[in-house]
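Colleague: Protein chains in written order, with the working numbering: chain A, -14 to 265; chain B, 18 to 143.
Fair warning: there could be bad hints in the mix.
Said to hold, decoys possible - Among the chain B residues that face chain A by a calculated CB cut under 7 Å, a handful are:
| no. | residue |
| --- | --- |
| 1 | Y38 |
| 2 | F58 |
| 3 | E140 |
To be verified - Covered stretches of chain B (chain A as the covering partner; in silico rule of three or more C-beta atoms under 8 Å from a C-beta of chain A):
| no. | region |
| --- | --- |
| 4 | 25 to 35 |
| 5 | 62 to 71 |
| 6 | 125 to 139 |
By construction, these hints were calculated from the structure, which means they are not laboratory data. Source: prediction; values computed, not measured. From the three backbone atoms N, C-alpha and C, an ideal C-beta is built for every residue, glycine too.
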Amino acid sequence: MARRPEHLAPPEIFYGVDESRKYTSNSRMIDIQLTMSERAVELMALPEDRHCLLLDLGCGSGLSGSVLEEHGHTWVGVDISKAMLDVARDREVEGDLLLGDLGQGLPFRAGAFDGAISISALQWLCNADKAGHKPAKRLLAFFSSLYASLSRGSRAVLQFYPENNQQTELVMAQATRAGFFGGLVIDFPHSTKAKKVFLVLMTGGAQALPQALGTGASEQEEDQVGYSSERVRGKPQRFQRKGLKNSRDWVQEKKERRRRQGKQTANDSKYSARRRCGKF
Amino acid sequence: MKLLTHNMLSSRCIKGVSVGYPLKISAKNVRLVNCDFDTDFTVRIIQKLDWNALWEAAESVGHADDIPKNLSDIDDYDKNDEFLRKVHHVVLEVEVIEGELECPETGRKFPIEDGVPNMLLNEDEV
Ligand SMILES: C[S@@+](CC[C@H](N)C(=O)[O-])C[C@H]1O[C@@H](n2cnc3c(N)ncnc32)[C@H](O)[C@@H]1O
Chain A
-14 MARRPEHLAP PEIFYGVDES RKYTSNSRMI DIQLTMSERA VELMALPEDR HCLLLDLGCG
46 SGLSGSVLEE HGHTWVGVDI SKAMLDVARD REVEGDLLLG DLGQGLPFRA GAFDGAISIS
106 ALQWLCNADK AGHKPAKRLL AFFSSLYASL SRGSRAVLQF YPENNQQTEL VMAQATRAGF
166 FGGLVIDFPH STKAKKVFLV LMTGGAQALP QALGTGASEQ EEDQVGYSSE RVRGKPQRFQ
226 RKGLKNSRDW VQEKKERRRR QGKQTANDSK YSARRRCGKF
Chain B
18 MKLLTHNMLS SRCIKGVSVG YPLKISAKNV RLVNCDFDTD FTVRIIQKLD WNALWEAAES
78 VGHADDIPKN LSDIDDYDKN DEFLRKVHHV VLEVEVIEGE LECPETGRKF PIEDGVPNML
138 LNEDEV
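Throw the hints in and build the complete structure from the sequences for me.
Modeller: And the structure:
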């Protein structure tokens, strides 16, 4: 089995300049991140048609945040990797970005946000990267501050890759200690490829967990369906996912979207999506 | 960093800090951007905002003229389009690109570079 990235190096080292660019130009990877983000938005169950203020925890280069934008929300992203945030900035994401370590707690005042998503970041907190790191302590600092940062009744949805059962149990235990209700929603649980784990956390008391996808069908069928071809039901397909190869295509796609929405958009030029040097 | 984000930011993750709010801004470079106006969102944001902190932040970046010092000076603000647009402008269109945030309790500084505040703490600060 391939080694887990979080065993190789601390996140701010692993997601260095090269990995950050590689990560954000891999179309298969982009596709998977966007699909999981769409699902997380669905699981967040925000009030219909409301423009919300949301958090993206471990926002990286802004792939997950772009899905929040697509849904018309305003977002703030936190990530520990400067290189990932640099890529996000170059892509001109709409979200505001902070350099921060989730394990040190979130630096926000109480009730500030209407919801939070985190895509493929939480497993990093289960690792001790520095001598003083205690995963249990860092997880609790993270969940307690997240609980406080959310307005009552709102949810946090965190997709992650748990390494084993103990890790899942630790994560759940610390979230519960922090005051959250909720649990795991596991989509396509019988499929090795399509299986995705979402921790759905609620602030407003115990509520029923949303239904997982693909729990009934046989494993073979699900592997054929594949997670990334599963579309969130009832929502229009918003991405021409094949076009998102590099940042130029990405910016182009975003501009076209803005034009479709009748928004003011910069003209295309050979400078589009080029790294800008110097200050304006 | 938008002033909306600043309004939500605190330094209470630092060991021994109880409130850590609001963070003082010193801005070296401020930029204006365009952002779509949304009436309902702006009204709901005003309900969340700490108005004093917003006004002080606006003043520290040279935009205090855009909004009143006291929110109570404005009657029925949710129906006042001109006022809502000004708030929208201050919270979402004014961005601090280079500068510093400062914890009001410890004086700890957080640099803002390329528009991104660095909120990372040393391990002995948590
Ligand atoms: C696989 S990437 C996912 C990025 C983005 N959410 C997406 O869907 O494309 C994981 C991200 O988590 C971030 N991360 C890992 N540990 C972190 C921590 N302790 N605090 C903040 N971010 C962290 C990494 O820097 C990286 O950008």
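Colleague: Of the hints given before, which are not true for this structure?
Modeller: As far as the earlier hints go, not one is violated by this structure.
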